[in-house]
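Number of protein chains: 2
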Amino acid sequence: MSDLPIARRRRRPVAEAPAQGPAVIPAGSPRLARRKRETRIRLLDAAFVLVAKKGMESVTINDITNAADVGFGSFYNYFKSKEGIFTALVEWLFEEFATALDHLASGLSDPAEVIAMSVRHTLLRAYREPVWGQPLIRKGLSTCALSMGLGQRLLRDTLRGISERRFIVADVLICVISVIGTILAGIVAELYPSASSTRTVRTRKVLRSRQEKFAESTAAIVLQAFGLPCIEAEKIARRPLPQSHREATA
Amino acid sequence: MSDLPIARRRRRPVAEAPAQGPAVIPAGSPRLARRKRETRIRLLDAAFVLVAKKGMESVTINDITNAADVGFGSFYNYFKSKEGIFTALVEWLFEEFATALDHLASGLSDPAEVIAMSVRHTLLRAYREPVWGQPLIRKGLSTCALSMGLGQRLLRDTLRGISERRFIVADVLICVISVIGTILAGIVAELYPSASSTRTVRTRKVLRSRQEKFAESTAAIVLQAFGLPCIEAEKIARRPLPQSHREATA
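Chains A and B supply the protein sequences, listed in that same order.
Numbered continuously in the working numbering, the first sequence closes out at residue 250.
Numbered continuously in the working numbering, the second sequence closes out at residue 250.
The set of hints was computed from the structure by calculation and includes no laboratory data.
Among these hints, one or two may not hold up.
[What the hints assert, rightly or not] Over 10 Å on every C-beta distance to chain A, these chain B residues come out as not near it, computed from the model:
id : residue
1  : R37
2  : N62
3  : L104
4  : G186
[Claimed, not checked] Distance ranges between label pairs, derived from CB positions:
id : chain 1 : residue 1 : chain 2 : residue 2 : range
5  : A       : R238      : B       : F72       : 53 to 61 Å
6  : A       : R138      : B       : G107      : 37 to 45 Å
7  : A       : R31       : B       : R204      : 55 to 63 Å
8  : B       : E57       : A       : S58       : 24 to 32 Å
9  : A       : S106      : B       : R156      : 52 to 60 Å
10 : A       : K80       : B       : R138      : 21 to 29 Å
11 : A       : E164      : B       : T203      : 33 to 41 Å
12 : B       : T60       : A       : R239      : 51 to 59 Å
Built from N, CA and C at the ideal position, the CB exists for glycine as well.
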């Protein structure tokens, strides 16, 4: 789980996330507010590490408060339940990811390249961080997918491509729904291959290379659905990813 | 639930389906074998009607055996558990549907039209029969999607379109995975619209018309992913469906 430290390095989004449950910070008390934010971050950080180690089902509130060095009862000042902290955790991870994608996309002028990079990055992160990929599969096909940061971002990038006449699609909403479905199916197909699958992977390097190719092919089919010809879609989807992205998913 | 009688009319696939659990029919006893098949069909028929009425969670084995007029203990000669009979039920419904699609496709010569008809038909059935659509959502993103009848059929039709140079795709597997994801996302988006959605439907007729348009648009984006230009994809996806299909989903 080499990507774990990411959660510890980038703390800003947690501090900015809306408080869960009864953790309303009293106005006019900046010191108390700061302390509350810090405790909330400690709880989320601890939950992230524990979930990555043991899986969501095995982690208890007691585990989290112990690891965060917070009193058991204080937990409920920040989150209503175990489910509440996990929801906040997933929101934070997705938000952080959407911000990272925006940063990477800032160097790209072609909407097709932005979409391809986003699709590949999403698949690769899901493959490499199950603590991130599993909630994406669970949440992705739910009613809230489009209203979440990642869905909104995809809609924005799609609209941009259409307005620049780079994409030719008849129905924007269906198009975005199709991309979400394609990404999720691509994650599931690689993370949980069929029992009848004969593919065997001998080394981590071979696995990574296969996952990269799989992500590229998924990005290519998305670009084709956006109206790009096959050869062009393939070419764009197989371009080297921006360097900082490679580092982020290395 | 106007489509319910379909399950009662077409019984052949059940009789031919492999026996679940310990229901192995002794060789050399055709009368006993026939009686066992008939009892199995009665149990499946009863389960279908009950699930459609009450939902899968609320139905008990006792409900099923009572409705089928079969002794409670005898149930276990046919299925290992409640889950076992539901799995058999879903397999039967999907198999029956795949056979119906093949029948409808026999009158179509263009692979693009076959795919568009199949996508539309799948979405419409899922919208109109939740007892069919819900397991599709649950099973569709699982590891077995591609090995099931519907997945295999999609793969066959895709390969046909490629060999006839009607479809231009670089990776067949990814293409099929993308179609499965698109269909599932299209089902979820319509069956479980976002709470923030402002769409209201006043009449059954308006709802049906909207669902038909949604299914057509989904078929169009699939054809675009297969390499067809937007205008042609739209034209094919909006052609009238074969008459018998309309009747089946009316």
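Here is what the structure says about each hint:
1. The Cβ of B/R37 sits about 28 Å from the closest Cβ of chain A, beyond the 10 Å cut-off, so the non-interface label holds.
2. Consistency note on B/N62: stated as away from chain A, and its beta-carbon is indeed over 10 Å from all of that chain's, at 31 Å minimum.
3. Every beta carbon of chain A lies more than 10 Å from that of B/L104, the smallest distance being close to 23 Å; the non-interface claim holds.
4. Taking the minimum C-beta to C-beta distance to chain A, about 6 Å, the non-interface status of B/G186 is violated against the 10 Å cut.
5. One distance hint, 53 to 61 Å for the beta-carbon pair A/R238 and B/F72, holds here, with the actual separation near 60 Å.
6. The supplied range of 37 to 45 Å is met by A/R138 and B/G107, whose beta-carbon atoms lie about 41 Å from each other.
7. A hinted range of 55 to 63 Å holds for the C-beta pair A/R31 and B/R204, which are about 60 Å apart.
8. At roughly 25 Å, the beta carbons of B/E57 and A/S58 sit within the given window of 24 to 32 Å.
9. The hint said 52 to 60 Å for the Cβ distance between A/S106 and B/R156, and at roughly 44 Å that hint is violated.
10. Between A/K80 and B/R138, the C-beta spacing of about 28 Å keeps the proposed range 21 to 29 Å intact.
11. Range check, A/E164 to B/T203: Cβ separation about 39 Å, and the 33 to 41 Å hint holds.
12. Roughly 57 Å separates the CB atoms of B/T60 and A/R239, a value that falls within the hinted 51 to 59 Å.
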